[in-house]
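Got chain A; can you put chains B and C on it based on the hints?
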Amino acid sequence: MTALLEVEGLRVRLPTPSGFATIVDGVDYQVEPAQVFGVAGESGSGKTISMLALLGLLPAGAVVEGRAAFGGKDLLRLSARDLRAVSGRDIGMVFQDPMTSLHPMLSVGRQLTEHVRRHLGLGRSAATQRATDLLEQVRIPDPNSALHAYPHQFSGGMRQRIAIAIALACGPRLLIADEPTTALDVTVQAGILRLLDGLRREHDLSVVLITHDLAVMSSIADRISIFYAGRVVESGPRDELLQHPRHPYTRALLDALPHPEAARDTPLVAIKGTPPSPQQIPAGCPYHPRCPYAIDVCATDDPPLAPIDGRRLACHVDPFADLE
Amino acid sequence: MSTIAFRMRARRRGGRLRPAWRQPLAVVGSVIAVAWLVVAIFAPLIAPYDPLAQNFALSQAPSGAHLFGTDELGRDVLSRVIFGSRVSVPIALLLVTLAALIGGLVGGVAGYFRGIVDGFSMRMVDLVFAFPPIILAMVVAAVLGRGLQNAALAIVVVAWPSYARVVRGLVLSVGDSEYVESARLLGSSARRTLFRDVLPNVAGPVLVLATLDLANAILLLSGLSFLGLGAQPPQAEWGSMVADGAQYFQWWWIGTFPGLAIFTAVLAFNFLGDSLRDLFDPQTAWGGDERP
Amino acid sequence: MPALELHDVEVVYERRGRERVRAVAGASLTVERGQIVGLVGESGCGKSSLARASVGLVRPSAGTVLFEGRDVTPLTRRARPRDLVGLQMVFQNPYSSLNPRRKIGSQLADALDVLDVTPNRDRRARVEELLDLVGLPSTAAARYPHQFSGGQRQRIAVARALAADPSVLVLDEPLASLDASAQAQVANLLVDLSRRLSLSLLLISHDLAIVRHVADVVSVMYLGVMVETGPTQPLWSVPLHPYTEALIAAVPRPDGSGFLPEALPGEVPDPALPPSGCRFHPRCPYAFDPCPTEEPALLAVAGGRTVACWLQEEDGPQVRPAERARS
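Protein chains in written order, with the working numbering: chain A, 1 to 324; chain B, 1 to 292; chain C, 1 to 327.
Extracted from the complex, chain A is given alone in its bound form (with noise of 0.2 angstroms):
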């Protein structure tokens, strides 16, 4: 089966007033049809702007190298004018905060058929036709009226799942979440996370879904990547990389959560040290200046994203290997 979305070699690079940054990479990972796939990671990891960096939505005098194939396009090669037409109806995007990313003016049946008229070419009783089932797609109580209301009228949950039809409006195949659910009530989360799910199978449709959060990643993902100091450092199936991580950045990361079966005194394990910044990224492997199970090598050469038993691991020691 042909990957949905390949992304090869991705590196990001963004001006700064001390000279360029490299904010990705090289990064490489493969999305498959009707799949979800996971890129977590902590802040200033990389995980947005490399997603940021398939759409054209980088700030001015980025630069950008790789290849991402998708639907036999490089992404990266397009013109501004054809990535506009793909991203806006073959990819879908949903960001955090359903606040800034609805336009507050427009009414959200305005905003819903304005998308679909653009890109699919449909009239103005089709594409209100359209928007009513989007919103019900969505589970919107009374669509009909919804398509009137402003989004100031909904609450936060109704929003997302309102980011949500209007990214799915033209029948993407790809949808990218970006913390769809980080500002979100537990069981308001829950809906839309069930949604998700719902939907990437009803429609065949593939997720990208970009999160902090493991416990959100471990509901929804079939394929999980790591990302940390602008690159891959694991990834692999769900199960395997949660129950068994070898990479000791994932491991470390799994650690700080509370873990429902620990007993209740033992204190969480916090990672020590903080991220590097993109300046300021250490040499060799750049988790080995935290990393406690650093070796003289981890020090000097980057490990490279090698496969092995079934998913792909950046680390010269694997300590964890024979923990199965």
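You may find that some hints are simply not true.
[What the hints assert, rightly or not] Computed footprint of chain A on chain C, listed as stretches where at least three residues anywhere in the stretch have a Cβ under 8 angstroms from a Cβ of chain A:
1) 23–31
2) 183–191
3) 209–215
4) 250–256
Hints listed in this document are in silico derivations from the structure and should not be mistaken for laboratory results.
Owing to the predicted nature of the structure, the values given are computational and were not obtained by experimental measurement.
Glycine included, C-beta positions come from ideal geometry on N, C-alpha and C.
For chains B and C alone, coordinates are given in the frame of chain A:
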């Protein structure tokens, strides 16, 4: 959000201000402003002639002896422009300071006591804001009578409300901020937090406002003089000189040079004010989620 | 005597031209000495208002708040009464709870100055001591807030509260703006301080997983009222209130099992227009006769637990709502 966060972090991490040569407007503004101040202070030493002396050839175009030419009464324009700075710049400084003090006091009291005091003060502010500044200044100046002092007073009346609004807003918002609440929980009285936490935060924006207001003040003062309500003849004041020049258009130098003086002074203070505003911005805590 | 008690507290906000909002509509809570109580609830439940009322930042329109037996008088323009200084608060946003224009050391020294307990010459040492208590080096004193990470800032805020030598610390979502590692650090710090200094904590959070890990007792709030309270472990394994049950079922798990959390149908109503009777009834899968008409009172159930639900009975056994509904 992450790109913006990244850029802001890069700026903050430097910890230093952008060096002067990267802020051309600030430099230009400061240089011109300082130049005018120097000119104002040393006017008698710099000016080639007595600004009131009418001994020279009438309406001469700019020449070696008279760089800015002479006006219709035979006075040296250059000297008048130089002495004009003694009127515009210091008076503007004085009245902006006065307006800031009065407005700041009213705004501070309103924000601190809230309730009825706040309501009353703000209605006064609204009252002044209801009129276009130049009209109100004209009315006040006309009522008080012609003359420079009265024009200055009129401008103070027009200028103080902006400060009141700004200071009140800051006192309210900083007063409600969490670090002030923490101080209150530790046992600090409201008055103590006012002086230790609130007012220091107020100084910055007020300074920015005052610098920009200086430009307005010079313009207003010149405007009033132009209309005959401010400086009276034969005093050398830029606005009234422009008024003169408007009558004698064929002798373009009479009105143009004082006009340029107004223009450069106003521009300089505007540049300065803008740069000051930018200077104060990055220092304020840039809030936001750590998570991208 | 409990360290902090709230009895039937109500907090009302007037809105100009609209109905008044009872953000807290009669809530009670007790924090014993040295105990960590976690208050959980989602948006609109009123937990922040309750937190502010508990330290006196906001005047309750009804009910009482007692700190070590004394009335917690709300703040006026005067200085807060000395005997309340042992009741301190840490806020949610570490970026706005510190003065951005002053150095850390100066802000901590100022706290000591206000408290006026440490003589001038000992203040510097005490500032270093406070920084050390929260795991920060003494060099931190010379820096400005923007030079620290969110987790470090939060620790500085805790250090400031500790300057008062408090016996009760109310924390309003202290971990919400932090990433996982910083959350772990601050959570560990809080538990450590609580045990070491016998500090009572009222920890308000929407993150059930962390609360479950850290708190001794959990209180669940919905739309301005307490719906359930009890020791953490039994509450987690046998929730008594349908909302508690729903909350727990909605928490995602990072265990790789693909467990899809359960959603709760409906939306949180506008606090200004709460449903009649039991506030949760429109969304409750077990709602029956009395629920839409009469608001259930908080009952004591076995195991030192309380719950406000018509399905449960006074002094009844600890049984899940589903089973109670069946019987």
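Going down the list of hints, with the structure as the test:
1. Requiring three or more residues with a Cβ within less than 8 angstroms of a Cβ of chain A, the coverage given for the segment 23–31 of chain C is violated, as only 0 such residues are present.
2. Only residues whose C-beta sits within less than 8 angstroms of a C-beta in chain A count toward coverage, and the segment 183–191 of chain C has 6 of them, enough to reach three; the restraint holds.
3. Interface restraint, the segment 209–215 of chain C with chain A: holds (5 residues with C-beta to C-beta distance below 8 angstroms; minimum three).
4. Counting residues of the segment 250–256 of chain C whose beta-carbon sits less than 8 angstroms from any beta-carbon of chain A gives 7, enough to reach three: the coverage restraint holds.
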